[in-house]
Amino acid sequence: MKPERLVGIVSYGGYIPIYRVKTSEIARMWGRDGETLQTEEVAVAAMDEDSVTMAVEAARYALKRAKINPKEIGAIYVGSESKPYAVKSSGTIVAEAIGASPNITAADFEFACKGGTEALQTCIGLIASGMIKYGLAIGVDTGQAAPSDELEYTVGCGGAAFLVGPKTDETVAYFEASTSYVTDTPDFWRRAERPYPSHARRFTGEPAYFRHIVNATKNLMAELGYKPEDFDYAVFHQPNLKFPLKAGLMLGFTRKQLEHGLLIPSLGNAYAGSALLGLVAVLDVAKPGQRILLASYGSGSGSDAFSIVVQNNPYRGNPIPFISQMLKRKKYIDYAQYVKHRGKIVF
Amino acid sequence: MHRVAVIGVGCTRVGELWDKSLKDLIVESATKALDDAGIDKVDIVYVGNAYSKILQTQGNLGSFTVDSLGFEGIPAVSIEAADCSGSLAFHEAYKAVRSGLVGKALVVGVEKMSDSSPEEVAKALMSCEDQDYVAFTGVTQPGLHALVLRLYMETFKVKHEEIAEFTVKAHKNASNNPYAQFKNPLKVEDVLRSPILADPLRLLEYTTVADGSAALVLCSIEEAEKMGKKPVVEVLGSASATDKLYLPERIGKLSFNATREAAKKAFEEAKFSVDKVNFVETHDSSTIMGVISLEDLGFVGKGRGASLVVEGGIEIDGKIPTNTMGGSKGRGNPVGATGVYQLVEAVLQLRGEAGKNQVKDAKIGLTHTIAGVGNFATVNILGCL
Amino acid sequence: MLSAPRYWREIRYRYRLIGSRCLKCGKIYFPRRLVCAVCGSRKLEDYKLSEKGKIKTFTVIRRSPPLGYEKNVPYVVAVVELEDGVNVLSQIVDVSPEEVKIGMPVELTFRKVRENGKEGIIEYGFKFRPIFE
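Residue numbers (the numbering used here), protein chains in the order written: chain A, 1349 to 1695; chain B, 11 to 395; chain C, 5 to 137.
One or more of the hints may lead you astray.
[To be verified] Derived Cβ-Cβ restraints for the label pairs, each shown as a range:
1. C/K47 with B/W28: 50 to 58 Å
2. B/K312 with C/R46: 51 to 59 Å
3. A/D1682 with B/S31: 45 to 53 Å
Simulated from the structure, these hints should not be mistaken for laboratory data.
The model shown is predicted, which means the values in this text are computed figures rather than measured ones.
The beta-carbon is built from N, C-alpha and C at its ideal position, and this holds for glycine as well.
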């Protein structure tokens, strides 16, 4: 899907909460001490954080860097599977907190872990068509996992906001094209009113994650006439360390292309924030002229793949922390504090 | 303008009075005061109460009080100004009698807190603060006192144990007060080892849930003399003042304008200065409020309040005997009644009826109540000349 | 149940730390005032306050928190002196009570403030956290 008018990233902001729990601490809790765990630690939201507050933090960082009037934003879309309200748009709260209300369109997107890239794709469409000047696309989650579930060793919290607008000489990067690949594949889901998601174990792999990411990426490369070596970086959704590495291998990418965007070992899987935070980490270090592949994955299932060309290094003289700095800014909590933070003790 | 006398006082014991209702408390203190005055009728009733609307959902306390006492038809005024409710009711009654529009006035201060859960009480204690920008932060009333305490210690380089000594002195005096809530002697270590309410403020530095009621009867001096009252306790000065509600706007001063303003006005009326005062009943809702109040009232210089306490200056035989019946911490703090308790205690001192805690040659006493962390204050000066 | 309209009225001020400024004498206030407490003018405008400041004094709420705050105990509440000279009362987050010091530089963050049970509205607003170094 190529837009008729090119759309660029005006600014972006990633947010990772300060708290971490070591996966070895989770393993200690469930009698799995000593096991080799691919994810070393996961980011945990504070007691007073949820997907909305983290969306606001990411959006505030993006705006600080952008120096545009928030009133020029025409759309705010928040992709998340951990909305604090089942009914009431998170976008309304974000819009008010950054001073973008009221002349905007806002909505929340849910497509498991790809709500954020859906939001991005929608914004690209609105800007390319000339309907809005700027759009804010956010992917954010306080990743949910049932106690002792495999997921508990990987889920993290965090999110990223992308302020997109018409491509100019000043934009950080621009989108060449995107593709989506969607089928009805029930690999991972959460029924209404259930606190934790369920999943179909190994079925989440080959027919789900790999099939969708590989097809979306192949279709994108076919549309643009690119090969894996045309990309300097590749960022895939990261439910664990194995899946993105294997997907990369299947598509012909090298580990080096994947390295910069691989945050899972020290962040965990921030669901709708996962791939987008990977993109933020890459943009933090990428140089003008470099090309980035981004492919999200949302269970259920679908994948959105984007080709992004870097134009400017946004960081010169900028006070917004890098993702690498946010990952280092941390406070460890134990499993007891973790369950309190994540609302797993009820009171 | 009439000179005004206090001709009768009465109060209940302070504490968790499980078997007494709001009405029981009112009737007990009011009838004692009426009996003490030797009358059975008044022209008007002033009721001071802070929380009955929140804790008992009982409003219209003026009518409630008059009816409880079996009076009928007389006017009644209900007054709420947090911890100053009782002393403000007194102040308003004083003005009415002074003007000549009112003959005899009954002032009742009452609070019934033990009916409610600690959460409800905590919420009530915060009702004197701005709800949208102070209560909303999650701060508690002890938390606000703690903010002042920390800044005070930091600014004046005062040790916590010096300030905590205020509680020790309070309990010592309370031990001789038959109406007091806490009569147990304390050492400063006990105070500093008690549970933390809100750092650095400890449990034993702060007043707690209390029920109680105090009452007094006012009339003109001429009327009192006609009734053969002797000695006659006279109200020499009475004033109230407010300050900004939002503590951060004024915390840096570590001094409360409301207290200073009310004291200034009360002394202007009394036509003498603080050095004439023989004893003071101040509102130590927390240790730090007691210390700062001694400074604001002019008994000691800024930042020197705690030294005065430690050096024994506030004891019964000290430079300025303070909270002679235990103060809000020792006697107890039934919030809306506290100001009236102070006045009752001052009257007992001036009449020479304070028992073991009698201040020698007590001729002039000052009472001072402060709401929350200083957004309202009342100062009353009583004398027996 | 928390009052939705009461929360809604304060949203812009609490989300974005907006106070008021007297058009006559220039005095800045938080929370906003309708009448200037210095010169008595009734002409004041909304004023966006600085998002950075220093801790002037603080406490840690450990006991008897108000309903809706009990899950956060212990939490730090401080008077923050903002760069524009205005003092605000705020929770300080992302810090353990032992680390808080008078003079500590802090910056605005957007957080959940109060939630009462699972039925009612969630109230959001500003808090402060140590400045990212």
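So which of those numbered hints doesn't the model satisfy? 2
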